[in-house]
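Peer 1: Given chain F, put chain W in place with the hints provided.
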Amino acid sequence: MPKLTADHEACQGYGNCITGAPDVYDIDDDGVVVLLKEEIPDSDRARVEEAARSCPVSALGVED
Amino acid sequence: MVATPSDPSTVVVVGSSVAGVRCAQALRGEGFSGRVVLVGEDPELPYDKPPLSKQLLAGTWDVDRVRLLTAEQADDLGVELRLGVAAERLDVAGRAVHLADGSALQYDAVVLATGAAARPSPWTCESGVHVVRTLDDAQALQADLAVDAPVLVVGGGFIGAEAAATARALGREVTIVDPAPVPIGRVVGDDLGRRFTDLHHRHGVGTRFGTGVESISGRAGDLRVRLTDGTELAAGTVVVGIGAVPNDAWLTDSGLLVDDGVTCDAHCRAVDATDVYVVGDLARWYHPGHAEHLRVEHWTNAVDSATVAAHNIAHPSDLREHAPVEYVWSDQYDWKVQIVGRPGRGSRHETVGTFDGEQARGSALFADEGGGLCGAVSVNWPKALVTCRRLLTAGSTFEAALAEVGALAPAGRTA
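Going down the list, the protein sequences come from chains F and W. All residue numbers for the first sequence refer to this note's numbering, where the first residue is 2 and numbers rise by one. All residue numbers for the second sequence refer to this note's numbering, where the first residue is 48 and numbers rise by one.
Derived from the structure by calculation, the hints contain no laboratory data. Note that the coordinates shown come from a computational prediction; the quantities given were computed from them, not determined experimentally. Note that beta-carbon positions come from the ideal geometry of N, C-alpha and C, so glycine has one too. Hints may be right or wrong, so weigh each one.
[To be verified] Where chain W lies over chain F, by a calculated footprint (3+ residues, C-beta under 8 angstroms):
1. 4 to 18
2. 29 to 39
3. 44 to 57
[As the list claims (entries may be wrong)] Computed footprint of chain F on chain W, listed as stretches where at least three residues anywhere in the stretch have a Cβ under 8 angstroms from a Cβ of chain F:
4. 68 to 79
5. 344 to 351
6. 429 to 441
Pulled out of the complex, with its shape left as it was, chain F reads as follows (with noise of 0.2 angstroms):
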C-alpha cells in the first residue's frame, strides 16, 4: 500500500492539504501536519496525491 511521509520542518501550517484529503491530514495546535494514516489503499491514491501536490512547500509524500 502507498506509503504517507510528511516533512515536518518544512510544513508552514498552509493547510490545504487538509482541505483536500481530511481523513489524511490534520494539524496540531503548533500549526504542523499530523498525519491520520501510515498507508493509503491504491484506491485513495489519486485523491490524496492530488492533495499532497497542493502543499505550497512540498512537504508531503505518497511513496511506494
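Peer 2: Chain W alone, transformed into the frame defined by chain F:
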C-alpha cells in the same frame, strides 16, 4: 475528446507557472494517457512564485528550492516541455496554438494558464526601479538590495509588504508608500488593516499611507521620489508592487470572451469553446457558490482550478465545478497571515486571541448581513485558519464559528 490507440489525443498546456505545471501533473494523476505538451514563454524550468518576494529574495533559498518541475520529472511524467517560446495566437476553430517561433501545436484540448504579469511601473528610470513577479525580477532586486541604501516600496499590498519585510530583514532602511490610508483595507477591512500599519512600524519600517507617488527620477543608488503631498524622498532602490494584470493580450483575436481575463463557465471551460480550459490568474470563471464571475490571483486557486480542469479533460462525462472557498497567505516579518473566504464583504467581526505585538496569535472572524460566517483573517494560528476554512465550506453561522474557534486552546500564546 475521443482517444484511440492509433490517434492519441493531445492536451497543450500554455503557461509554465504553477497552474500549468499542476494541470499537467494532475492530467497524469487523473489517468490521461495521451500527449501532454507544456508551453512556457519563460526559458527557465518551471518555478514557484510565492518565495520570490520572501525566501528567494532574502537569499535563504536558492533557485533549486523553488523549482516546480525538473526536466527529469517532466520526462518521468511524459510531459513535453516547450520552454522559452511564447504562445502568440490561439486558433479555436482550427484547434491550434501558434508559437512565436513560427511553429504550431494541434490540440484536442488546450489549457490556458498564462497567468498575470506585474502591473508595470508607471515611473520609469534608467535603473533601480523594480517589480517582483519573475525569477529575473527577484534576482535583479536581490542584487540591488545588497547595497546599503534606503529602499522605497510603492504599494502596501501583499507583495509590497513582503518585499518591505525582506528588505528590512536584510538591514535596509525601508519606507512604504500607498495612496490608500490603510493597507489591504479592501481585503480585511480598515480596523484590521491598521494592525498591518502597526506591524510595519514595530519592525522599524516607515509608512506614508494616504500618499501617492508623483514622480521618480535618477538611477539605481540615487533615486528621488516625489510624493503627491510635495515631499521628496531619497532611495537607492524602489520596489513597485501595485498589482497584476492578466496575460490575455495574445487571446484578443481568438474569439474567446476576453474581459480582464478569459471568461469561463463553472467547469473552467471558456464560454462557447468547451475544448478550451482556463486556469489560474487568467481565468474569470463563474463561481457557482457566489453566483458571479471572479478572477482570483491566489496560489491555491491556481492549483485547485488546474486540478478541476485536468479532471474534466480526463473525465468529460463526470464534470466537476470549481467552487472554492478563497484562501491566501502572506508572510510578513514575524506574522504568518492567512485569509480565508471574503472578510472584505463582512459587516462586522470579532477577534479570538490577539493581534498585539510580538505575542500576536489570533483570528478575526467576519459575519455577513445574514449572520453567516463569510471570512476570517488569522495571524500565527494555522489551526484557527484550518477550522474557519472548514466552517466556511460547511456554511457555518458566525456564532457557531466563533464558539468553535474560541474553544480552540490555547489562543493568545506564542507559537
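Peer 1: Can you confirm whether chain W covers the segment 44 to 57 of chain F, using C-beta to C-beta distances below 8 angstroms and requiring at least three such residues?
Peer 2: holds (count 6)
Peer 1: For the segment 29 to 39 of chain F, count the residues whose Cβ lies under 8 angstroms from any Cβ of chain W; is that count three or more?
Peer 2: holds (count 4)
Peer 1: Count the residues of the segment 4 to 18 of chain F with a beta-carbon closer than 8 angstroms to any beta-carbon of chain W: does the count reach three?
Peer 2: The restraint on the segment 4 to 18 of chain F holds, since 5 of its residues have a Cβ under 8 angstroms from chain W and three suffice.
Peer 1: Are three or more residues of the segment 344 to 351 of chain W within 8 angstroms, CB to CB, of chain F?
Peer 2: Since 4 is at least three, the answer is holds.
Peer 1: Taking 8 angstroms as the Cβ threshold, is the statement that the segment 68 to 79 of chain W is covered by chain F upheld or broken by the three-residue rule?
Peer 2: With 6 residues closer than 8 angstroms to chain F, the segment 68 to 79 of chain W meets the three-residue bar; holds.
Peer 1: Would you check chain F against the segment 429 to 441 of chain W, counting CB to CB pairs closer than 8 angstroms, and say if three or more residues qualify?
Peer 2: holds (count 7)
Checked against the numbered hints given earlier, this structure breaks none of them.
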